[in-house]
Each structure stands twice: as C-alpha cells, then as structure tokens.
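Residue numbers (the working numbering), protein chains in the order written: chain L, 1 to 111; chain V, 112 to 223.
No wet-lab data here; the hints were simulated from the structure.
One or more of the hints may lead you astray.
[Stated by the list, open to error] Below, simulated BS3-like cross-link-like pairs (lysine-lysine); rule was C-alpha separation at most 25 Å, straight line:
id: 1; chain 1: V; residue 1: K168; chain 2: L; residue 2: K26
id: 2; chain 1: L; residue 1: K56; chain 2: L; residue 2: K70
id: 3; chain 1: L; residue 1: K56; chain 2: L; residue 2: K98
id: 4; chain 1: L; residue 1: K98; chain 2: L; residue 2: K69
id: 5; chain 1: L; residue 1: K56; chain 2: L; residue 2: K69
id: 6; chain 1: L; residue 1: K98; chain 2: V; residue 2: K168
[Claimed, not checked] To give a feel for the contact side, a few chain L residues facing chain V, derived at Cβ under 10 Å:
id: 7; residue: N22
id: 8; residue: G40
id: 9; residue: L48
id: 10; residue: A90
id: 11; residue: D96
id: 12; residue: A103
id: 13; residue: G104
[Claimed, not checked] Covered stretches of chain V, as calculated for chain L (at least 3 residues, CB under 8 Å):
id: 14; region: 195-205
id: 15; region: 213-221
Keep in mind the model is a prediction, meaning the values are calculated, not measured.
We put the CB at the ideal spot given by N, CA and C, even for glycine.
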Amino acid sequence: SQQGEEDPQALSIQEGENATMNCSYKTSINNLQWYRQNSGRGLVHLILIRSNEREKHSGRLRVTLDTSKKSSSLLITASRAADTASYFCATDADNDYKLSFGAGTTVTVRA
Amino acid sequence: KAGVTQTPRYLIKTRGQQVTLSCSPISGHRSVSWYQQTPGQGLQFLFEYFSETQRNKGNFPGRFSGRQFSNSRSEMNVSTLELGDSALYLCASRVFSSYEQYFGPGTRLTVT
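Only chain V is shown next, with the shape it has when bound in the complex (with noise of 0.2 Å):
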C-alpha cells in the first residue's frame, strides 16, 4: 500500500496569506489527524477527522481550519499567517479501530 502522501513538501510564505496543505491518508484509512512540530513547542495535536467530521480538535486558534472529503483526503488551512506558524505539519492517517497512527513526511511551512 502507499503511505500518507503531503503536498506541498516544502513552503514559504508571506505573513498576512492564508495556506492550504494537502492530505492523503493510506488506502482503507478513514481518520486523518494534523500535528504541529516546531523546536519550541514540540509535536502538538491540531485536529482530527473522520467521515470528512471533525472529531477532536486542539488547541489552536480559529485561524486554523481543516476538512476532509468524502475520499478521506483531508485538507488543512490557516489564515493570516503569522511568524510563529512555521512549522512541520505532519499529517497521520489510522483505521478507525486502532491507535497506530500513519504518519506522512510532513509539509514545512515558512512564514516571512
């Protein structure tokens, strides 16, 4: 099976802009949670989806937002870039029964 897949890999953007990061969980994977890895504050929860509904969510401003489709793909934004949103954000994806999560090779984001 192919694993999770992020695009873009690598980003770098201006603050004030808004940024959209893709998802695609392993075939069969319904649950696509968001982490956010930075030096200062480590690997940190963002949210969590499931039959494209959100079923936890972190502690993150509203700037942060995600979705996912009806194919399990999940999407990820956040307005209004600030300097301290670069980061590497990791995307994982699980079969709903299980707590092995499937971790992608992460989009890092700069913010300028």
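So here's chain L without its partners, still in its complex pose (with noise of 0.2 Å):
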C-alpha cells in the first residue's frame, strides 16, 4: 500500500517558472526522501529530510517538512525542460530502509 500521496497528480509549466508539489502521508516517518524517474526509466535520488529537519536544500530544490501535518513539499525554482518527469516522495516509516512511495506527480516544462 502506498504511505504517501502526491498533489497535484499533474503539473505544467512554462521554462523559468517555479514547480512546487506537495506530500502528504499516514503514518509517522524517520525520513522522506524525494526522487525523480524520467519517462519509466530508474528512480534517481533527488533529497533526503529527516523527521527532525524543517527546510534543505540542494541546489534548486528546496525540500520542506511539517511532521504535525504529515506533509512535505518539494519545489524546484527556474525549471528546465530537462526537469521534465515524474517525482515522488517516499518514507520509511519503521526505519527499516523499506520504502513506501506515493503515487507521484508529473511534471512537464514547456520551452
């Protein structure tokens, strides 16, 4: 079953703009990492929060994470069409290494 669900299921843009989807999930967590996957390729790993970190960043990504509301979020300032993909959020909940990823949020940026 999935611990995570993204919003929104979909997202367009225009090159330059700024791409901001959220996470929630159910149970309480010891991390939530975000990774990207580009046209039914491999999963590659995006950012790593943990449950007692509020902002990170990398980059042009800037990761948020609000534990009372099991939410976080994901931004990616002055897209690229080559940020064009799919991104999920993922936790592990027993910190067991065993992840749970939600369904993921398409995001595609025009030129």
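Join the two chains into one complex using the hints; note that each chain is given alone, in its own frame.
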C-alpha cells in the first residue's frame, strides 16, 4: 500500500517558472526522500530530509517537512526542460530501509 | 563507479511461465531491494537482501521470490506468471548505513 500521496497529480509549467508539489503521508516517519523518474526509467535520488529537520536545500531544490501535518513539499526553482519527469516522495516509517512511495507528480516543463 | 545494472531490460512471457530477473548493484553496495511499478498500484516494495539474507519482505504472494549471491548480485523469480504481473521491476542498491537508494533502469516485463 502507498504511504504517501502527491498533489497535484500533474503539473505543466513554462521554462523558468517554479514548480511546487506536495506529499502527504499517513504514519510517523523517520525520514522522507524525493526521487525523480524520467519516462519509465529508474529513479534518481534527489534529496532526503530527516524527521527532525524542517527545510533542506540542494541546488535548485527546496524541500520542507511538517511532521505535525504529515506533509512535505518539493520546490524546483527556475525550471528547465530537463526537469520534465515524475517526482515521487518516499517514506521510511519503521527505520527499516523499506520505502513506501506516493503515486507521484508528473511535471512537464514547456520550452 | 558503474551504476546499478539490470538484465534483461525487456521481457515478454506467457501466463503460467516463470521468469528470473537479475540485478548487479553498485560496487561496494551490499544491500539490494526490489520494487514493482505498475500504473494501478504504483511503486511497491518486494523485498530487500543484505549479505545473502532477506531482511525485509513486502506484501506479495509466495510466487515472488529472490536471492542474493556472495558478490551481492541479486535475482528475483516470479513463478506461474499472471497478467497482473506485467510491470516495471526496479532494483535498488545502497550502502548498508545509508538511506539513499540507487536504482537501476528496470526490467519491463509483459505477460501475455
């Protein structure tokens, strides 16, 4: 079963704009990760945020975590065509390295 | 370092047959996990192996099995294939102490 749910399911933006997607989850977590998947290929790890962290940055990525609301957001700034992909949040609820993924947000960046 | 490799990349099988998929982790990574991705169920955890032992198992029937060899390479086997087993099967490896998983390109299995 899926632990996380992403919102929106799909997002279409112009190159240079920012893209924001949200993830909500059901149980307490140890950490939350975001992954990117290009067109049916393997997933690429983007960023990990631990349950005691509220915000984390990596290049053009900004992730926030609100454990009281059981939600996280991923912001991609100054989007590029190469950012076109599906983005998944993944949680590790039991600290056993078993990831539960959300349904994903499909982002399309228009040139 | 070479990434995670999976073979074969594409596979077509008939209902009732069995299939074996292979995964070679990144050198030095001793943990290998398998995930199934379908449009309906999304990404679901199958199992994880570390040092040739299954550490974790997802909620899949016994037709799905796996193993890991001493060189950390892993195989998963699906017996008595059903149409619903059509999916992208992803393998991921990690350093045991790290949460970050490195995924392979996947094996796309089609069951007809």
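Each hint tested on the structure:
1. V:K168 x L:K26: holds (20 Å)
2. L:K56 x L:K70: With Cα atoms ~16 Å apart, K56 of chain L and K70 of chain L stay inside 25 Å; holds.
3. L:K56 x L:K98: holds (22 Å)
4. L:K98 x L:K69: holds (22 Å)
5. L:K56 x L:K69: holds (17 Å)
6. L:K98 x V:K168: holds (9 Å)
7. N22: violated (17 Å)
8. G40: holds (6 Å)
9. L48: holds (6 Å)
10. A90: At 8 Å from the nearest chain V Cβ, A90 of chain L passes the 10 Å test, so the hint holds.
11. D96: holds (6 Å)
12. A103: Result: holds, 5 Å to nearest chain V Cβ.
13. G104: Holds, because the Cβ-Cβ distance from G104 of chain L to chain V comes to roughly 7 Å (cut-off 10 Å).
14. 195-205: holds (count 4)
15. 213-221: It holds: at least three residues are needed, and the region 213-221 of chain V offers 6 whose Cβ sits within less than 8 Å of chain L.
Hint compliance for this structure: hint 7 is the single one not met.
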